[in-house]
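Visitor: Take a look at the letters that make up each chain.
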Amino acid sequence: MLETFIAALSQTVTFLPMAVALYISFNILRAIDMTLDGSFVLGAAIFARLVELNVSPVIAAISAVLSGAIAGIGVSIMQRGQKIDSLLAGVLATFILLSGNLLIMGRPNISLLSQVTLVSRAFQNSQLLGWILVTLLSGVFCLIICAILFTKLGLILRALGDNPNLLARRGKPIELYRLLGFAMTNGLAAVSGCLTAQTIGYADIGMSYGMTLTALGTVILGKQILSMGLSMHKFNIGKEFGACFIGVLFYFFAVNGLLRLEINPLYLKMLLGTILIGFLRLAGIAKTRGQI
Amino acid sequence: MKNIVLSLNNVGLNLPDVSHHILKNISCDIHDGDFIILLGHNGCGKSSLLKVLDRRYQMTQGEVLLYGKRLETYSPAQLAKQVITLTQDPRESLFPSLTVLENCILVSPQTRRSFFLDYLYQFNKNLVTKLDTVVSKLSGGEQQALVLALTILHPPKILLLDEHTSALDPQAAITLMATTSQIVRKHHITCILSTHDLNLALNYGEKILVLADGKLAHSIDFEQKKNLNTQDLLRVCY
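One line per chain: the protein sequences are A and B, in this order.
Numbering-wise (the working numbering), the first sequence opens with residue 316 and increments by one.
Numbering-wise (the working numbering), the second sequence opens with residue 24 and increments by one.
No wet-lab data here; the hints were simulated from the structure.
Be aware that one or more of the hints could be misleading.
[Said to hold, decoys possible] Distance condition first, Cα-Cα at most 27 Å in a straight line; then the derived DSS-like pairs of lysine-lysine:
#  : chain 1 : residue 1 : chain 2 : residue 2
1  : B       : Lys160    : A       : Lys549
2  : B       : Lys92     : B       : Lys104
3  : A       : Lys487    : B       : Lys249
4  : A       : Lys467    : B       : Lys104
5  : B       : Lys104    : A       : Lys487
6  : A       : Lys549    : B       : Lys153
7  : B       : Lys160    : A       : Lys538
8  : B       : Lys160    : A       : Lys467
9  : B       : Lys92     : A       : Lys487
10 : A       : Lys538    : B       : Lys153
11 : B       : Lys160    : B       : Lys180
12 : B       : Lys160    : A       : Lys554
Predicted model, so just to flag it, every value in this text is computed and none were measured.
The following block holds chain A by itself, in its conformation from the complex (with noise of 0.2 Å):
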């Protein structure tokens, strides 16, 4: 049991960034990015190819941040005054993607275990020390996201999602705003995706594949377990943030608890999709009755 809590912990920790993100964009922006599945790996193959021609783990690893903020620029660039749906945009940008992290990468796989990267010297030292400082690094990021969303600027986000045509009608730029937006989202992204390789020591071009959807499901799961105890209704950072985590350890601890139980690994995601319907109808249930 403890080792399943720990192993979930461990995935919880690199996963977050992502769920965050997907947080941002479908809660407050209120759009479906599906570019966040190919920023993930834009962020990891960025990283693992400039590790690999010798550059600083550290500059590798912004420059990983910077790409996922780019890719998120391009794909807000793409929907500018809505000429393309926010859904469609996300799926061309990821189609793009796929070709632009096989190019960056050269081939499908790169091998981080002989590497030094940002993390490898503490997870010599011990594997507790190597978690402790990948949860540091995933949880700056996540708090400077958490910092901005405390700000007029965060406010102004939440704002667009709400209301886009209010905040143009009152002559707000909300295309440069939304352009911030997907810059942050896919940001956050690519540092998922900059840490989960270097935490399963490669980056693989298929590393993301259902990771936008099963962040989409964490963060949903995660509201509804919240929301049975407290209210969900107005805006808090500590809870919204709360329910990411959440979302996203219980789907972990879900999805390496079947292993343990030796579930055939082909059954696991429709398992864990059949736990995700249930829960979304036990909450939904719930709310008609007004317990929620």
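Dock chain B against chain A, hints included.
Guide: Same frame as chain A, now just chain B:
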């Protein structure tokens, strides 16, 4: 003689999916501080005319001059400072998922709770206790009062009211209209109100414009209005 604020010259409007002309050759001058009432049957073009004036619709004929400058030469930010529209759905003018306080902070450099507590009290006493309530949880009357309060934080030169009391119960509508009229006069705002309420037209309007099939059918000034009752107005408008 009052200054001309808005000048409409042969304004016409066609919309892509509508075969007939929505507005046809509308010409009139609106003066500083006027309280104009727009009357007419459903579909006569009242709301469309207001949408032309706040540039949600692009006129297809004629010109509108705002302080002598063509309307289209104003940037969205400049126009937003001059012209504000309140519609019958207050959610169009609010951020429904944000709280009352957050909605206030978005339009004001002020962030102090105490400032907004005092300020909102003038518009609706209930709002004072609901500063941290999500706007979508407020009643229709409270939402409209909040929209009005936010509008007056930076008083516009022109206020367009598109049947903004029509979704409220009679008492809430009377209260809101009285507050609106008081605020408009206090800040010397030019106001154009589109409505079907003839009592409202007679009580508040200084000038009544009657639209029929997209045309300006009648213009009733303050002196003429004094001699009219609701029955007379009913015959003229419908």
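Visitor: Next, verify each hint and record whether it holds.
Guide: Structure-based check of all given hints:
Note on lysine 160 of chain B and lysine 549 of chain A: the hinted pairing holds, with a Cα-Cα distance of about 10 Å set against a maximum of 27 Å. Taking the CA atoms of lysine 92 of chain B and lysine 104 of chain B, the gap is near 15 Å; set against the 27 Å cutoff, the hint holds. As the CA atoms of lysine 487 of chain A and lysine 249 of chain B are separated by approximately 43 Å, the hinted pair breaks the 27 Å bound. For the hint pairing lysine 467 of chain A with lysine 104 of chain B, the CA-to-CA distance comes to about 20 Å; that is within 27 Å, so the pair holds.
The hinted pair formed by lysine 104 of chain B and lysine 487 of chain A meets the criterion: a straight-line CA distance of about 12 Å does not exceed 27 Å. Restraint check: the Cα-Cα separation between lysine 549 of chain A and lysine 153 of chain B comes to about 12 Å, which is no more than 27 Å; the hinted pair holds. Distance restraint check for lysine 160 of chain B and lysine 538 of chain A: the Cα-Cα separation of roughly 20 Å lies within the 27 Å cut-off, and the hinted pair is therefore satisfied. Proposed proximity of lysine 160 of chain B and lysine 467 of chain A is supported: the alpha carbons are some 23 Å apart, at most 27 Å.
The suggested pairing of lysine 92 of chain B with lysine 487 of chain A holds, with an alpha-carbon distance near 22 Å, which does not exceed 27 Å. Among the hinted pairs, lysine 538 of chain A with lysine 153 of chain B is consistent with the structure: their alpha-carbon atoms are about 25 Å apart, no more than 27 Å. At roughly 31 Å between alpha-carbon atoms, lysine 160 of chain B and lysine 180 of chain B are farther apart than 27 Å, so this suggested pair is violated. The straight-line distance between the Cα atoms of lysine 160 of chain B and lysine 554 of chain A is roughly 20 Å, inside the 27 Å bound, and the hint therefore holds.
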